[in-house]
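Going line by line, the protein sequences match chains A and B.
Counting along the first sequence from 1, when you hit position 34 you're at 34 in the working numbering, and nothing is skipped either side.
Counting along the second sequence from 1, when you hit position 2 you're at 295 in the working numbering, and nothing is skipped either side.
Source of the hints: derived by calculation from the structure; they are not laboratory data.
These figures come from a predicted structure and were not determined experimentally.
Possibly wrong hints are sitting among the right ones.
In the BS3-like style, the derived pairs of lysine-lysine whose C-alpha atoms are separated by at most 25 Å in a straight line are [as the list claims (entries may be wrong)]:
#, chain 1, residue 1, chain 2, residue 2
1, A, 165, A, 64
2, B, 326, A, 30
3, B, 458, A, 30
4, A, 165, B, 323
5, A, 33, A, 103
6, B, 323, A, 244
7, A, 33, B, 458
8, A, 165, B, 458
9, B, 326, A, 103
10, B, 396, A, 103
11, B, 537, A, 165
12, A, 257, A, 276
Sample of chain B residues lacking proximity to chain A, with all beta carbon distances greater than 12 Å (derived) [what the hints assert, rightly or not]:
#, residue
13, 303
14, 323
15, 328
16, 381
17, 386
18, 416
19, 420
20, 435
21, 436
22, 438
23, 447
24, 495
25, 521
The beta carbon of each residue, even a glycine, is placed where N, CA and C say it ideally should be.
2 protein chains.
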Amino acid sequence: MTTLQSFMTQHIPMIEETMYGEVKRLDIPKNLKEAMLYSLEAGGKRVRPLFVLAVLDLFNKTYKTGYTVGAALEMVHTYSLIHDDLPSMDNDDYRRGKLTNHKVFGEALAILAGDALNTLSFGVIARMPELTPQQKVELIHLFSEAAGAEGMVGGQVLDIEGEQKQLTLAELEQVHIHKTGALLRFGIEAGAILADATAEERSHLVDFAYHIGLAFQIKDDILDVEGTTEELGKTAGKDEASDKSTYPALLTLAGAKEKLIEHYEAALQALAQINKDAVVLEELTNYIVKRNK
Amino acid sequence: MTTLQSFMTQHIPMIEETMYGEVKRLDIPKNLKEAMLYSLEAGGKRVRPLFVLAVLDLFNKTYKTGYTVGAALEMVHTYSLIHDDLPSMDNDDYRRGKLTNHKVFGEALAILAGDALNTLSFGVIARMPELTPQQKVELIHLFSEAAGAEGMVGGQVLDIEGEQKQLTLAELEQVHIHKTGALLRFGIEAGAILADATAEERSHLVDFAYHIGLAFQIKDDILDVEGTTEELGKTAGKDEASDKSTYPALLTLAGAKEKLIEHYEAALQALAQINKDAVVLEELTNYIVKRNK
Chain A
1 MTTLQSFMTQ HIPMIEETMY GEVKRLDIPK NLKEAMLYSL EAGGKRVRPL FVLAVLDLFN
61 KTYKTGYTVG AALEMVHTYS LIHDDLPSMD NDDYRRGKLT NHKVFGEALA ILAGDALNTL
121 SFGVIARMPE LTPQQKVELI HLFSEAAGAE GMVGGQVLDI EGEQKQLTLA ELEQVHIHKT
181 GALLRFGIEA GAILADATAE ERSHLVDFAY HIGLAFQIKD DILDVEGTTE ELGKTAGKDE
241 ASDKSTYPAL LTLAGAKEKL IEHYEAALQA LAQINKDAVV LEELTNYIVK RNK
Chain B
294 MTTLQSFMTQ HIPMIEETMY GEVKRLDIPK NLKEAMLYSL EAGGKRVRPL FVLAVLDLFN
354 KTYKTGYTVG AALEMVHTYS LIHDDLPSMD NDDYRRGKLT NHKVFGEALA ILAGDALNTL
414 SFGVIARMPE LTPQQKVELI HLFSEAAGAE GMVGGQVLDI EGEQKQLTLA ELEQVHIHKT
474 GALLRFGIEA GAILADATAE ERSHLVDFAY HIGLAFQIKD DILDVEGTTE ELGKTAGKDE
534 ASDKSTYPAL LTLAGAKEKL IEHYEAALQA LAQINKDAVV LEELTNYIVK RNK
């Protein structure tokens, strides 16, 4: 078992337990709780919370705060998928091999379950007993930026607008820096805040986050071309069928792979600037670049 | 001009300016900004922020923090209206006499504009320079509860579920305590936090919030029966046409008016327990009970 595999085996159940626990303890309508839990429990790679924990590991810190912040982060990621899958957005029936939220619970409840997860995530951080009020405020400030109009939601808007035209490489990067990159970056910066990293260490981590965020998306685009629907748990080849601007479409498949390697190497270089044992973050970087789903 | 009228004339423009300013300063896609501003600028009574300010007034405090917290609160109220109006929810074409957000910008952008306002509201509070980190964390914690599954969003789910059956009076109260009451209560408690009210003062204010929240909703139900579409800026008589559980439907119109007076008097009684000049809060209470839109 690699270091990353044992890291995942150790931490993913803790992240998930924390996340489910935050929803299960709520005194709320049964339907709403079921809809929220349905999408949280639908699996996924838990990459964003893993980054929080991998940064804590880099600084040799305990993991507990990372479970909670990671759970809040995964809630926001999950709400964004619920809303993205809606008929008026991507209109997807399946996600991770399971019916999408609105196919099971109806559109109204899917929208509200997403809204509830979004809102809950901020409360989860505000209630953390281990942090100082200053740390919580800094986390919530960054989280709101990363998740909102200036981050993920803005990226989603750019993505929708981009569907109607051919994007340049710079425009495509803007989509992904916001849509995927912002939440990944928040996970990495949150880890740095929880670990009391120095300003210099944090700036190397932000640099790392930039490259790994783009690498993540380029890999997703490549998988859409090369992967199978069965492996991906979602329809493969959808990008090409919908004439979507992607890295392979703009750069050819070989060009996209080259770009992926560039960002992969730049990410590892940024990490190397921090003189610490970064084995988990390095293996997580490898995993993102080499995964087949 | 009554005290309340001059209070509104003084403060509503400041609340609105603060709210618009928070969105205008964002570096985000043009469409998204327009969609967010469209609904914020669509007017409304600004009752929730006015409560924040009226509580500050009760304690003779300066108003500046109330503008910001009130703006965040009105953003959440506005996002909830955008999502409520969607075709899969209430399917409304008009709100406050203007086309609803999705009729102008399309469903996808309306959903995302709502998401962005929800997320932004927490960042707005986290960034307030005048407050201690402790105050911000307490506000965000309460705000998340009031706006989320345990509050407004949960109330919306109860409301949707209630459409398919005849509710009891107790069930109807639960809908409104969550759907309308939770955010009003947050506004009133936020005012108490900003004003450094004592625990006892705050508990009288929470009691006040309970009664004024229900009074607000009962009045809405009565207006739906007695008001005209022109006055209301939305379709009158919609509740009866859709066979919805309302106070007039459960108690008769006369019974609903009696219930309204009960809560009105209980609200004023709670206020009287705080030995301060509550003229603005009293007039705001009168306004809610006697308004014709």
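Evaluation of the provided hints:
| no. | hint | verdict |
| --- | --- | --- |
| 1 | 165(A) to 64(A) | violated, 45 Å |
| 2 | 326(B) to 30(A) | violated, 35 Å |
| 3 | 458(B) to 30(A) | holds, 16 Å |
| 4 | 165(A) to 323(B) | holds, 16 Å |
| 5 | 33(A) to 103(A) | holds, 16 Å |
| 6 | 323(B) to 244(A) | holds, 21 Å |
| 7 | 33(A) to 458(B) | holds, 21 Å |
| 8 | 165(A) to 458(B) | violated, 47 Å |
| 9 | 326(B) to 103(A) | violated, 30 Å |
| 10 | 396(B) to 103(A) | holds, 24 Å |
| 11 | 537(B) to 165(A) | violated, 45 Å |
| 12 | 257(A) to 276(A) | violated, 29 Å |
| 13 | 303 | holds, 29 Å |
| 14 | 323 | violated, 9 Å |
| 15 | 328 | violated, 9 Å |
| 16 | 381 | violated, 3 Å |
| 17 | 386 | holds, 16 Å |
| 18 | 416 | violated, 3 Å |
| 19 | 420 | violated, 6 Å |
| 20 | 435 | violated, 9 Å |
| 21 | 436 | violated, 8 Å |
| 22 | 438 | violated, 6 Å |
| 23 | 447 | violated, 5 Å |
| 24 | 495 | holds, 18 Å |
| 25 | 521 | holds, 29 Å |
Violated hints, in rising order: 1, 2, 8, 9, 11, 12, 14, 15, 16, 18, 19, 20, 21, 22, 23; the structure is consistent with all others.
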